[in-house]
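From first to last, the protein sequence lines stand for chains A and B. Numbering-wise (numbering that gives the first Met the number 0), the first sequence opens with residue 0 and increments by one. Numbering-wise (numbering that gives the first Met the number 0), the second sequence opens with residue 0 and increments by one.
Some hints here could point you the wrong way.
Below, simulated DSS-like cross-link-like pairs (lysine-lysine); rule was C-alpha separation at most 25 Å, straight line [claimed, not checked]: (1) B/Lys411 to A/Lys113; (2) B/Lys141 to A/Lys109; (3) B/Lys345 to B/Lys492; (4) B/Lys345 to A/Lys111; (5) B/Lys141 to B/Lys66; (6) A/Lys111 to B/Lys140; (7) B/Lys141 to A/Lys101; (8) B/Lys342 to A/Lys109; (9) B/Lys492 to A/Lys113; (10) A/Lys112 to B/Lys140; (11) A/Lys111 to B/Lys492; (12) B/Lys188 to A/Lys113; (13) A/Lys30 to B/Lys141; (14) B/Lys140 to A/Lys101; (15) B/Lys141 to A/Lys112; (16) B/Lys172 to A/Lys112.
Read the hints as simulated data drawn from the structure, not as lab findings. Owing to the predicted nature of the structure, the values given are computational and were not obtained by experimental measurement.
One-letter residues, chain by chain:
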Amino acid sequence: MISKIISPENVSIVLFFIGVYGVTARRNIFKTIMGLSIMQAALILFFLSMHAENAISAPIGIGLDATQIADPVPQALMITAIVVGISTTAVSLTMFVTLYHKYGTTNWNKVKKKRGEMD
Amino acid sequence: MTPHLIGFILLPIVASLTLYIFKNTKFRVISVAIELFLFLVSVSFIQTGSHFDLLVNVPLPYGMALKLDSLSGAMLLLNNFLFLAMTVYSIKRPYANQLFMFIFLSLQGLINALFLSTDFFNVYILIEVATIAVSILIMYKKDSQSMYDGMIYLLVNMVAMAFFLFGIGFLYKQYGVLDFVTIGALIEKSNTPETLYLPYALLITGVSLKAALMPLFSWLPKAHGTASAPAVVSAILSGIFVKVGVYMLIRLQILFNPAIDIQSFFLFLGFLTAIAGFVFAISHTDIKLILAYHTVSQIGLILIGISGSSELNFLGGTYHILSHGVFKSLFFLSSGLLVQHYKTRKIKHMTGLWQSSKWLSLVLMSAILSITGAPFFSGGYAKYFISYGYQGLAYDALFLVINLGTMVSFIKFIHVIFSKNENPEPVVIDPFQRTVITIMGLTCFILGTFGPFLSNAIFGISGQMTLTDQIGKLPTYLLTYALAYGIYALISKQKVVLRKIRSLELSFNSINLAVVSFFFATLAYLTYLH
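Only chain A is shown next, with the shape it has when bound in the complex:
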């Protein structure tokens, strides 16, 4: 019963919305970037656990029985998604550092207020 509730799909949905909480409720810019990373991790878990039951093996090797291995497509997709995720996180962290130097705060609302005064 409990193992049915804690399925990879449910865990990834919960993780995704923890990330959503991070980006909607936290005012710290750094924490919102962390929230985004959590959302990405949830998506990776969701894709990797798709079409993969317990008795199934990884799709590595030659001459495998197609019914006995996990679906390789999501795994290939997720390598790309991980690369893109890392790059976007790196870009946003770099931007955050520059933003911090310009505005001197990590709070979205304070940054917004200072930005409003510049117009």
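Knowing the structure of chain A, use the given hints to seat chain B on it.
Coordinates of chain B only, in the frame set by chain A:
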């Protein structure tokens, strides 16, 4: 000759990267030559019919393919036309160095790829990469204002694309394929539309944010109207990049239409977006922000067109994508020249343009006539078909309100041209800029006057609008303008109200809250009201 569609994606990226690495001093001439080539090829694609290009020698659904049809052909035409214009425009600009051209032309390749792609995951990756390229272009001058604008843009779009990827996941889990063709066929056969509600709501949330629909447009004015971004960047963002979202919305609608038919939901959102856009535009005094908010309003109009019931409404919507792409880019280019000339972004301090430059005034006038929907101009032709076939007082009133709103917010631009200036100085425009803005001004006129011919050539749907129809619209247009002038005189006195509307601006957290609410609202609508 079979066109190799991959060239559209690789040529601008590889060429600009090579030029950047080898520091060729002739890079400007070479990039213009490449742009001209791409533009001519995309012109030759008109009426070639749909064309399929497999990228690997494996058939769908296992391989990958690029697909050209009348819609993607039209978008390619617009994209390559705009990038050609912008490259020529920026030949003598100091900011257009090799690094800038590399990012700029890579963006062109990515946008071309988005229009040709037939695969959900490719679309996701391309949008993510294009988002990074755009946010770098926004922050190109690295000042404090554009740092915040670029950061909001990047993070909000990443959140939306996370929703999009989640949607792809649910779709893949159900069907085990990712390409549009196979998914479309499977959706048609499916007799359990309820299972599609969750992936559809997730995908639509991501795409609606890209297209800047009603509650999700707060990032757009910041990104498109940011003070320091070069005019060509704003022109590309409003002219074509926001249309990527609209294009994906059309593709999703076509795919999911057999199972989920929520045209009326989008029609409602379209009216809401169109009205919200011009309300904000009227309240602002910064020239770039007025234009950016107007992009939101015009996106609403496009949405009304593509969600309409008849084929002619759809034609109006897609045709307005082209016409808006041209006249809004022209607006942003002229606003760049105006800001440079008057050394302010406040539209009230810009006076006497007619005395300073008759040429720029005429070009700006053609853009104003286009956006307000004057007969013989591109906007007029497109809007005629967007509102085609709607009957009843409520619809008439809504279209009248949208037209009036557009006119009221552009009266400020007419003031710029015709007001008096004590000591006018001539506007400095280099010959390349002059050529580009003239051609774009003429394009606004051609797209309107030869509308029936062009719509038949590009989309294969003939939208008949005779000379008498055009002339018949003139009295209504002039009357509406007179009414708009009266309303403008009334509104401009309400300074407190205008300031209040102007200060309505969502913070980063609220924008994300809007994204999540939009997702739950769409899901609830599908589950309970559909």
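Original post:
Given the proposed pairing of A/Lys30 with B/Lys141, does the C-alpha separation stay at or below 25 Å?
Top reply: 23 Å, holds
**OP:** For the pair supplied as a hint, B/Lys141 and A/Lys112, confirm whether the alpha-carbon distance does not exceed 25 Å.
**Re:** 19 Å, holds
Subject >> Hint consistency between B/Lys141 and A/Lys101 [alpha-carbon to alpha-carbon, up to 25 Å] >> reply: Holds. B/Lys141 to A/Lys101 sits at ~10 Å (cutoff 25 Å).
Subject >> Restraint check for B/Lys492 with A/Lys113, where alpha carbons must lie at most 25 Å apart >> reply: Given pair B/Lys492, A/Lys113 is violated - Cα atoms ~28 Å apart, limit 25 Å.
Original post:
Is B/Lys140 close enough to A/Lys101, meaning Cα to Cα at most 25 Å?
Top reply: 13 Å, holds
Original post:
Are the Cα atoms of B/Lys342 and A/Lys109 separated by 25 Å or less?
Top reply: The given pair, whose Cα atoms are some 29 Å apart, is violated under the 25 Å limit.
Subject >> Pair hint B/Lys141 and A/Lys109, alpha-carbon separation not exceeding 25 Å >> reply: OK: B/Lys141 and A/Lys109 at ~19 Å, within 25 Å.
Original post:
Under the criterion that the straight-line Cα-Cα distance not exceed 25 Å, is the pair B/Lys188, A/Lys113 satisfied?
Top reply: 55 Å, violated
Subject >> Hinted pair B/Lys345 and A/Lys111, Cα distance within 25 Å >> reply: 21 Å, holds
**OP:** Would you check the hint for B/Lys172 and A/Lys112, treating anything up to 25 Å between C-alpha atoms as holding?
**Re:** With a Cα-Cα distance of about 44 Å, the restraint between B/Lys172 and A/Lys112 is violated, given a limit of 25 Å.
Original post:
Is A/Lys111 close enough to B/Lys140, meaning Cα to Cα at most 25 Å?
Top reply: 19 Å, holds
Subject >> B/Lys141 paired with B/Lys66 [C-alpha distance capped at 25 Å] >> reply: Status violated; Cα separation ~38 Å.
The structure fails hints 1, 5, 8, 9, 11, 12 and 16 (numbered hints given earlier, in ascending order).
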